[in-house]
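Chemist: In case you want the letters, here they are:
2 protein chains.
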Amino acid sequence: MKNSELQKLRTQIIEQTKEALRNSTSPDHLIIQSINTVMELDKVTNTLSTRLREWYSLYYPELERKIEDHKKFAELVLKEERAEDSFGSILAKEDLDAIKQLADNILQLIQARYEQEQYLKVVMKKHCPNILSLAGVTIGAKLIDLGRSLKRLALLPASTIQLLGAEKALFRHLKTGARSPKYGILFEHQIIQKAQRKNRGKAARMLADKLSLCARLDFFKGEFKADQYEKEIEEKLEL
Amino acid sequence: MKNSELQKLRTQIIEQTKEALRNSTSPDHLIIQSINTVMELDKVTNTLSTRLREWYSLYYPELERKIEDHKKFAELVLKEERAEDSFGSILAKEDLDAIKQLADNILQLIQARYEQEQYLKVVMKKHCPNILSLAGVTIGAKLIDLGRSLKRLALLPASTIQLLGAEKALFRHLKTGARSPKYGILFEHQIIQKAQRKNRGKAARMLADKLSLCARLDFFKGEFKADQYEKEIEEKLEL
Numbered sequence: 001m002k003n004s005e006l007q008k009l010r011t012q013i014i015e016q017t018k019e020a021l022r023n024s025t026s027p028d029h030l031i032i033q034s035i036n037t038v039m040e041l042d043k044v045t046n047t048l049s050t051r052l053r054e055w056y057s058l059y060y061p062e063l064e065r066k067i068e069d070h071k072k073f074a075e076l077v078l079k080e081e082r083a084e085d086s087f088g089s090i091l092a093k094e095d096l097d098a099i100k101q102l103a104d105n106i107l108q109l110i111q112a113r114y115e116q117e118q119y120l121k122v123v124m125k126k127h128c129p130n131i132l133s134l135a136g137v138t139i140g141a142k143l144i145d146l147g148r149s150l151k152r153l154a155l156l157p158a159s160t161i162q163l164l165g166a167e168k169a170l171f172r173h174l175k176t177g178a179r180s181p182k183y184g185i186l187f188e189h190q191i192i193q194k195a196q197r198k199n200r201g202k203a204a205r206m207l208a209d210k211l212s213l214c215a216r217l218d219f220f221k222g223e224f225k226a227d228q229y230e231k232e233i234e235e236k237l238e239l
Numbered sequence: 240m241k242n243s244e245l246q247k248l249r250t251q252i253i254e255q256t257k258e259a260l261r262n263s264t265s266p267d268h269l270i271i272q273s274i275n276t277v278m279e280l281d282k283v284t285n286t287l288s289t290r291l292r293e294w295y296s297l298y299y300p301e302l303e304r305k306i307e308d309h310k311k312f313a314e315l316v317l318k319e320e321r322a323e324d325s326f327g328s329i330l331a332k333e334d335l336d337a338i339k340q341l342a343d344n345i346l347q348l349i350q351a352r353y354e355q356e357q358y359l360k361v362v363m364k365k366h367c368p369n370i371l372s373l374a375g376v377t378i379g380a381k382l383i384d385l386g387r388s389l390k391r392l393a394l395l396p397a398s399t400i401q402l403l404g405a406e407k408a409l410f411r412h413l414k415t416g417a418r419s420p421k422y423g424i425l426f427e428h429q430i431i432q433k434a435q436r437k438n439r440g441k442a443a444r445m446l447a448d449k450l451s452l453c454a455r456l457d458f459f460k461g462e463f464k465a466d467q468y469e470k471e472i473e474e475k476l477e478l
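Protein sequences, first through last, are from chains A and B.
Sequential numbering of the first sequence, starting at 1, is according to our numbering.
Sequential numbering of the second sequence, starting at 240, is according to our numbering.
So that you can see chain A by itself, here it is in the shape it has in the complex (with noise of 0.2 Å):
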């Protein structure tokens, strides 16, 4: 080959490379940014109101135990609405400005936690909609990141999707034999929430089996049946 041949087929192999790269973005690593930027967001807003609760409890201390929610607690702030027979000091207006504007930061994120999950929702929608659908937003999110990809979840057994985000008491369990995990992340699932305790170990397993299931008619492009399988549950378990 001369040398102006190679150089044309050095181009051509690079454009073709970058264009194998161009769509080699899936919509599991969307969804694995977003899930963890929520995850982040949950985060940072659990620092900050904790910040936001020690400050403004120099002007209004009682109000700390009295509201548990961050997001009330923030909203509260912004009115400013002091019992009269606080035991809180008088701050000056530019002090009072400087707490509310931390309060408007924390809403301002969990405005943005919202619209996150509304993203996730609508790319989950198209790309796994039996996961969504039986195991929500968050949860279904958490556990292709945990997976790796929806393909490899597709691939996993559901005794190990069980305990997706339970390593740490599985590998405990293993070395030292404490008790085994009966879940991970499907912890704050609403059926293993509502199923009775002793229950809880049964109810993860089933949940964990459907889910499995559910994520291999998404990686094949499968029927809709995440509805049917949480009534199966649900009537197993009589919730």
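No wet-lab data here; the hints were simulated from the structure.
Among the hints, a few may not be true.
[Unchecked claim] In silico negatives: residues of chain B with every beta carbon more than 10 Å from chain A:
id	residue
1	251
2	261
3	282
4	302
5	315
6	417
7	427
8	431
9	441
10	448
11	477
[Stated by the list, open to error] Pairs of lysine to aspartate or glutamate residues, derived as DMTMM-like cross-links and limited to a Cα-Cα distance of at most 25 Å, are as follows:
id	chain 1	residue 1	chain 2	residue 2
12	B	311	B	333
13	A	100	B	354
14	B	332	A	117
15	B	390	A	54
16	A	126	A	209
17	A	93	B	303
18	B	282	B	258
19	A	18	B	303
20	B	360	B	258
21	A	93	B	279
22	A	79	B	303
23	A	202	A	232
24	B	311	A	40
25	B	390	A	94
26	A	79	B	279
27	B	282	A	97
28	A	66	B	333
29	B	310	A	40
30	A	43	A	117
31	B	310	A	209
32	B	332	A	28
33	B	282	A	232
34	A	8	B	354
From a predicted model like this one, the values you see are computed outputs, not experimental measurements.
Glycine included, each C-beta is placed from N, C-alpha and C at the ideal position.
Fit chain B to the supplied structure of chain A, relying on the hints for placement.
Modeler: Using the frame of chain A, we list chain B on its own:
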């Protein structure tokens, strides 16, 4: 005493206590809350920026290395100007919108940090003008935070002020005989940064001396001498 008199006395005492508590918040408390908010906002911005960089790399991987500054990076994400020959994947509008929303959140947090700093300046200008001038707003506020109050800072020996923020290294030195630290939080100060490497220990000692004087002047409502101190240090170190 009759019961009704006792009752009256009790109410009076409670009122007096409340009154005392209402006036118990010193500017120190406000400075400490605000500087902690600043530090938390910094941490949060870093976490979310790392996420943004990873996520946006799906679309425009080359930008990550090109732009180190988090603010500038987020601004460029919002502009969405991608090099035509990028190796990144093409994303749908809704996918890019979710990423841009995160960039937007980050910019809001950076702005919030800036505004907290402005507030700190106002409070410190009134409460501790010497420290503000010689240490700068963030280092000055961190010193008050580490010293736990202006009063306590004013009473600390200069050698302790020199090592505030280096507690870990100091205890390592005491326990294991590792080299003793030369500075803690003061390391960030431009005088230390500008000093020749071999002079840094000396610079830290001089700066801590003068900051100790500043804290005393501020606590005992003395005159403004920070300017003069700064000149003295710079002359001696030939900066």
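Chemist: Each hint needs a verdict: does it hold in this structure or not?
Modeler: Tested hints:
1. Taking the minimum C-beta to C-beta distance to chain A, about 14 Å, the non-interface status of residue 251/B holds against the 10 Å cut.
2. The claim that residue 261/B is not at the interface with chain A is violated, since a C-beta of that chain comes within 10 Å of its own (minimum 5 Å).
3. Listed as outside the interface, residue 282/B is inconsistent with that label: its C-beta sits roughly 8 Å from the nearest C-beta of chain A, within the 10 Å cut-off.
4. The Cβ of residue 302/B lies farther than 10 Å from every Cβ of chain A, with a closest approach of about 15 Å, so its non-interface assignment holds.
5. Listed as outside the interface, residue 315/B is consistent with that label: its C-beta sits roughly 18 Å from the nearest C-beta of chain A, beyond the 10 Å cut-off.
6. Residue-level check passed: residue 417/B sits 32 Å from the nearest beta carbon of chain A, beyond 10 Å.
7. The beta carbon of residue 427/B is kept farther than 10 Å from every beta carbon of chain A, the shortest such distance being approximately 22 Å.
8. For residue 431/B, the requirement that its beta carbon stay farther than 10 Å from each beta carbon of chain A is met, with the minimum near 29 Å.
9. Taking the minimum C-beta to C-beta distance to chain A, about 37 Å, the non-interface status of residue 441/B holds against the 10 Å cut.
10. At roughly 32 Å, the least C-beta separation between residue 448/B and chain A is larger than 10 Å, which holds for a residue marked as non-interface.
11. No beta-carbon of chain A comes within 10 Å of the beta-carbon of residue 477/B; the shortest separation is about 40 Å.
12. Of the supplied pair hints, the one linking residue 311/B and residue 333/B holds, its CA atoms being roughly 23 Å apart against a limit of 25 Å.
13. Distance check on the hinted pair: residue 100/A and residue 354/B sit about 12 Å apart at the alpha-carbon level, within 25 Å; holds.
14. For the proposed pair residue 332/B and residue 117/A, the alpha carbon gap of about 17 Å is at most 25 Å, so the pair holds.
15. Restraint check for residue 390/B and residue 54/A: satisfied, since their Cα atoms lie roughly 21 Å apart, inside the 25 Å limit.
16. For the hint pairing residue 126/A with residue 209/A, the CA-to-CA distance comes to about 22 Å; that is within 25 Å, so the pair holds.
17. For the given pair, residue 93/A sits about 42 Å from residue 303/B by alpha-carbon distance, which is inconsistent with the 25 Å threshold.
18. Taking the CA atoms of residue 282/B and residue 258/B, the gap is about 37 Å. The hint is violated against a cut of 25 Å.
19. Between residue 18/A and residue 303/B the alpha-carbon distance is near 18 Å, which keeps this suggested pair within the 25 Å criterion.
20. Distance restraint check for residue 360/B and residue 258/B: the Cα-Cα separation of roughly 28 Å exceeds the 25 Å cut-off, and the hinted pair is therefore not satisfied.
21. In summary, the hint linking residue 93/A to residue 279/B is supported, as the alpha carbons are separated by about 23 Å, within the 25 Å threshold.
22. Between residue 79/A and residue 303/B, the direct Cα distance comes to roughly 41 Å. Violation of the 25 Å bound is thereby established for this hinted pair.
23. With a C-alpha separation of about 14 Å, the suggested pair residue 202/A and residue 232/A falls inside the 25 Å cut-off, and the hint holds.
24. This hinted pair checks out: residue 311/B and residue 40/A have alpha carbons roughly 21 Å apart, not beyond 25 Å.
25. Straight-line distance between C-alpha atoms of residue 390/B and residue 94/A comes to about 23 Å, which keeps the hinted pair within the 25 Å bound.
26. At most 25 Å may separate the alpha-carbon atoms for a hinted pair to count; residue 79/A and residue 279/B meet this at roughly 24 Å.
27. For the proposed pair residue 282/B and residue 97/A, the alpha carbon gap of about 22 Å is at most 25 Å, so the pair holds.
28. A C-alpha spacing of about 40 Å is found between residue 66/A and residue 333/B, which places the hinted pair above 25 Å, so the restraint is violated.
29. In summary, the hint linking residue 310/B to residue 40/A is supported, as the alpha carbons are separated by about 18 Å, within the 25 Å threshold.
30. A hinted pair counts as satisfied when its Cα atoms are at most 25 Å apart, and residue 43/A with residue 117/A qualifies at roughly 15 Å.
31. As the CA atoms of residue 310/B and residue 209/A are separated by approximately 45 Å, the hinted pair breaks the 25 Å bound.
32. Taking the CA atoms of residue 332/B and residue 28/A, the gap is near 17 Å; set against the 25 Å cutoff, the hint holds.
33. In summary, the hint linking residue 282/B to residue 232/A is not supported, as the alpha carbons are separated by about 46 Å, beyond the 25 Å threshold.
34. A hinted pair counts as satisfied when its Cα atoms are at most 25 Å apart, and residue 8/A with residue 354/B does not qualify at roughly 56 Å.
Of the numbered hints given earlier, the model fails hints 2, 3, 17, 18, 20, 22, 28, 31, 33, 34; all others are met.
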